[in-house]
Amino acid sequence: GAGVSQSPSNKVTEKGKDVELRCDPISGHTALYWYRQRLGQGLEFLIYFQGNSAPDKSGLPSDRFSAERTGESVSTLTIQRTQQEDSAVYLCASSSRTGGYGYTFGSGTRLTVV
Amino acid sequence: AQRVTQPEKLLSVFKGAPVELKCNYSYSGSPELFWYVQYSRQRLQLLLRHISRESIKGFTADLNKGETSFHLKKPFAQEEDSAMYYCALKVEGAQKLVFGQGTRLTINP
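Going down the list, the sequences are from chains V and W.
At position 75 of the first sequence the residue is numbered 96 (the working numbering), and the sequence of numbers has no breaks.
At position 46 of the second sequence the residue is numbered 173 (the working numbering), and the sequence of numbers has no breaks.
Okay, chain V solo, but in the shape it has when bound (with noise of 0.2 Å):
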């Protein structure tokens, strides 16, 4: 597509519950980052996917965060049981297989844990 496109936009959930972030990064870019992003901090690394090798999970913050990729296409971070403290904008981008041009980031979805 034109641009990386989340959904949903806005997400409310209750307390344990789980919850499935999507993300669609840009035709043609090998490599996808999911970051969080709590209120007034800066952008926190999640996990990284490039292409077909394993992805690098080291920023995920528990085992009841989980992500995937298929191939080039779509991801989804998954939350299960969730927290308060998982309340944050979880940032999608996508970038060339280098990564040297930066990112392109997607408008990410607010999660709300009530």
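There may be inaccurate statements among the hints.
Claimed, not checked - Here are the simulated DSS-like cross-link-like pairs (lysine-lysine), alpha carbons at most 30 Å apart as the crow flies:
#	chain 1	residue 1	chain 2	residue 2
1	V	Lys78	V	Lys32
2	W	Lys192	W	Lys149
3	W	Lys149	W	Lys200
4	W	Lys142	W	Lys184
5	W	Lys184	V	Lys32
6	W	Lys136	V	Lys78
What the hints assert, rightly or not - Partial chain W-side listing against chain V, Cβ under 10 Å, derived:
#	residue
7	Val131
8	Tyr163
9	Ser167
10	Gln169
11	Arg176
12	Lys217
13	Lys223
14	Leu224
15	Val225
16	Phe226
17	Gln228
As the list claims (entries may be wrong) - What follows is a list of derived Cβ distance ranges for each label pair:
#	chain 1	residue 1	chain 2	residue 2	range
18	V	Gly24	W	Leu137	23 to 33 Å
19	W	Gly220	V	Glu65	13 to 23 Å
20	V	Gly92	W	Gly220	19 to 29 Å
21	W	Ala144	V	Glu35	40 to 50 Å
22	W	Arg180	V	Arg85	40 to 50 Å
23	V	Ser26	W	Met211	32 to 42 Å
24	V	Arg85	W	Ser139	31 to 41 Å
25	V	Ala23	W	Ser153	11 to 21 Å
26	V	Glu65	W	Arg168	18 to 28 Å
For the record, the hints were derived by calculation from the structure and aren't laboratory data.
Yeah, the Cβ is synthetic: ideal placement off N, Cα and C, and Gly gets one too.
Given the coordinates of chain V, work out where chain W should sit on it, guided by the hints.
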């Protein structure tokens, strides 16, 4: 571990005044540095990257390896420059970016 520090959370200057947003990094190798900007109700977007040595919207940033800094500068601020600015570091051999906490720049009329 690599780190990016933006010491100012908030910065306010008058229109027409010079502006400098500070960014320091910690990394012993050869870094690639970026500045990203987020205008109100818009998505985060790339402003400039050090390897292209370009000026975008009047902004420039020079990588100073001795001081491990990548400060963003503009000689004459404009009201439309009001936004959130993030400095980011990419290390050799990796694709992920490490971001600073961001600086909210407000240009007063």
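Hints, one by one, checked against the model:
Our distance criterion of 30 Å between C-alpha atoms is met by lysine 78 of chain V and lysine 32 of chain V, whose separation comes to about 24 Å. The straight-line distance between the Cα atoms of lysine 192 of chain W and lysine 149 of chain W is roughly 14 Å, inside the 30 Å bound, and the hint therefore holds. At most 30 Å may separate the alpha-carbon atoms for a hinted pair to count; lysine 149 of chain W and lysine 200 of chain W meet this at roughly 9 Å. A distance of roughly 15 Å separates the Cα atoms of lysine 142 of chain W and lysine 184 of chain W; the hinted pair therefore holds under the 30 Å criterion.
Restraint check for lysine 184 of chain W and lysine 32 of chain V: not satisfied, since their Cα atoms lie roughly 35 Å apart, outside the 30 Å limit. For the suggested pair lysine 136 of chain W and lysine 78 of chain V, the alpha carbons sit about 29 Å apart, so the restraint of at most 30 Å is met. Interface restraint check for valine 131 of chain W: the shortest CB-CB distance to chain V comes to about 8 Å, inside 10 Å, so the restraint holds. Taking 10 Å as the C-beta contact cut-off toward chain V, the hint placing tyrosine 163 of chain W at the interface holds, the least distance being around 8 Å.
For the restraint placing serine 167 of chain W at the interface with chain V, the shortest Cβ-Cβ distance is roughly 13 Å, beyond the 10 Å limit, so the hint is violated. Hint status for glutamine 169 of chain W: holds, given a least beta-carbon distance of 8 Å to chain V, under 10 Å. At its closest, the beta carbon of arginine 176 of chain W sits 6 Å from a beta carbon of chain V; the interface hint therefore holds under the 10 Å criterion. For lysine 217 of chain W, the suggested interface contact is upheld, since its CB lies about 6 Å from the closest CB of chain V, less than 10 Å.
With 10 Å as the threshold, the beta carbon of lysine 223 of chain W comes within range of chain V, its nearest partner Cβ sitting at about 5 Å, so the hint holds. Checking leucine 224 of chain W against chain V: minimum C-beta separation of about 7 Å stays under 10 Å; hint holds. Evaluation of the valine 225 of chain W hint against chain V yields a held restraint, the C-beta minimum of about 7 Å falling below 10 Å. Checking phenylalanine 226 of chain W against chain V by beta carbon gives a least distance of about 4 Å; that is within 10 Å, so the hint holds.
Given hint, glutamine 228 of chain W at the interface with chain V, holds; its Cβ is 4 Å from that chain's nearest Cβ, closer than 10 Å. Taken as a hint, the range 23 to 33 Å holds for the pair glycine 24 of chain V and leucine 137 of chain W, whose Cβ atoms sit roughly 30 Å apart. A beta carbon spacing of about 21 Å between glycine 220 of chain W and glutamate 65 of chain V agrees with the range 13 to 23 Å that was offered as a hint. Between glycine 92 of chain V and glycine 220 of chain W the beta carbons are some 23 Å apart, a value that agrees with the proposed interval 19 to 29 Å.
Separation of alanine 144 of chain W from glutamate 35 of chain V is about 48 Å and conforms to the stated range, judged on CB atoms against 40 to 50 Å. Between arginine 180 of chain W and arginine 85 of chain V the C-beta distance comes to about 43 Å, which sits within the given range of 40 to 50 Å. Checked against the hint of 32 to 42 Å, the C-beta distance between serine 26 of chain V and methionine 211 of chain W comes to roughly 22 Å, which is inconsistent with it. Distance hint for arginine 85 of chain V and serine 139 of chain W: a CB-CB separation of about 39 Å, consistent with the stated range 31 to 41 Å.
Between alanine 23 of chain V and serine 153 of chain W, the C-beta spacing of about 37 Å breaks the proposed range 11 to 21 Å. Range check, glutamate 65 of chain V to arginine 168 of chain W: Cβ separation about 22 Å, and the 18 to 28 Å hint holds.
The structure does not agree with the numbered hints 5, 9, 23 and 25 stated previously, though it agrees with the rest.
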